[in-house]
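Residue-level listing of the chains:
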Amino acid sequence: MHIAEGFLPPVHAVAWGAAAAPFVVHGARTLVRDVREHPESTLLLGASGAFTFVLSALKLPSVTGSCSHPTGTGLGAILFRPPVMAVLGTITLLFQALLLAHGGLTTLGANVFSMAIVGPWAGYGVYRLARRSGAPLMAAVFCGAFVADLSTYCVTSVQLALAFPDPGSGFPGALGKFGSVFAVTQIPLAVSEGLLTVLVMRLLVQSSRGELTRLGVLLTGKRVASATAGTETPETRQTTGTTGTGTVAR
Amino acid sequence: MTRNAKINALLLLAVAALAVLPLALGLGDHKEEPFAGADGEAETAITELDPDYEPWFSPLYEPPSGEIESGLFALQAAVGAGVLAYYFGVRRGRRQGAEQARRQQPVPGTGPDSDSDAGSDADPGRPGEAVSPGPRA
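So the protein sequences, as listed, match chains S and G.
The numbering of the first sequence is the working numbering, which starts it at 1 and goes up by one.
The numbering of the second sequence is the working numbering, which starts it at 1001 and goes up by one.
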């Protein structure tokens, strides 16, 4: 979904930059506040950023006979809400623009808008909707990650079609063209991203139950992780919790 | 293998299958350049739509060869994977540490039915009757 350096006309480049900037600034503020209030979440924040790093470096073959890569922004959006992802996504895009000549500085605004803003928000919205309508956690996570990935590439198609409308059929024609390059290619990759995000979320549920509960991803523990003895009755769990082992029974 | 581990392995297998199938089925054969990057194809599409368009800015730094580029991509993935692995390692270590500490405590955390009366003395703010109903229940 990286629009290459110099491949957006200056007016478009500036406009997308201006559209993206407030989200990134707001995201940076949110991020700083979050870290100050909950220093213990820094590690998980780093892990979410790392997930984006890994996934956006993975170029996978797709059914259209071309290669593309997932974005990895769904996980962080679900865990820390989309504003934080605007920052983490921008960092990833900057790294790729500066070191890999992948994307670019002039197109950074447009790329940030698709991958670090629309993707996370769309994914988060779908995740919340699914949760509210009673979907199981992992199903909602899959849908959120899938939509975050796919919507990013749809936005890229729109951005390019706006900048380069088809001489004959105008914007719709160009949208079809770019959509077939990006969006169709991306469908199986979005499935992969959904599956990988579910995998990481499963590992998080096993390892970081307390953190997920604090972030509101898990509702207050219906069942305690397999790490604690499954034989405990609710009463003993309560009493051991208050005596100081603390971390388990929240 | 626990049920959890099986599900995780299945998820990974599904992702691998999704990546391998297009290659195995030869879905790129109809193209001049099979499995090229979609980003590059978009550039081609742009030059088709607007043959006169000239990119007005070029990257400040461009990896001098495909090898360097793939190396940098591998670096990116490695950094990300390293941080992720660190996170899960720290978590696992903490969990094991907490478990060990609980096992060493005189108050039985995991085996409540053994010595509930002996445990009450090591429980400062809480009298014996607060602990005892649990194990009996």
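Think of the hints as simulated: they come from the structure by calculation, not from any bench.
Take the hints with a grain of salt, since some may be wrong.
[What the hints assert, rightly or not] With the Cβ distance kept under 7 Å, some of the chain S side facing chain G (calculated, not the full set): (1) Ser169; (2) Phe171; (3) Thr213.
[Said to hold, decoys possible] Some chain S residues near chain G, calculated using beta-carbon distances under 7 Å: (4) Leu60; (5) Thr106; (6) Phe164; (7) Phe182.
Where a beta carbon is used, it is the ideal one built from N, C-alpha and C, also for glycine.
**Asked** Honestly, which of those hints from before does the structure not fit?
**Response** Numbers 1, 2 and 3, in rising order.
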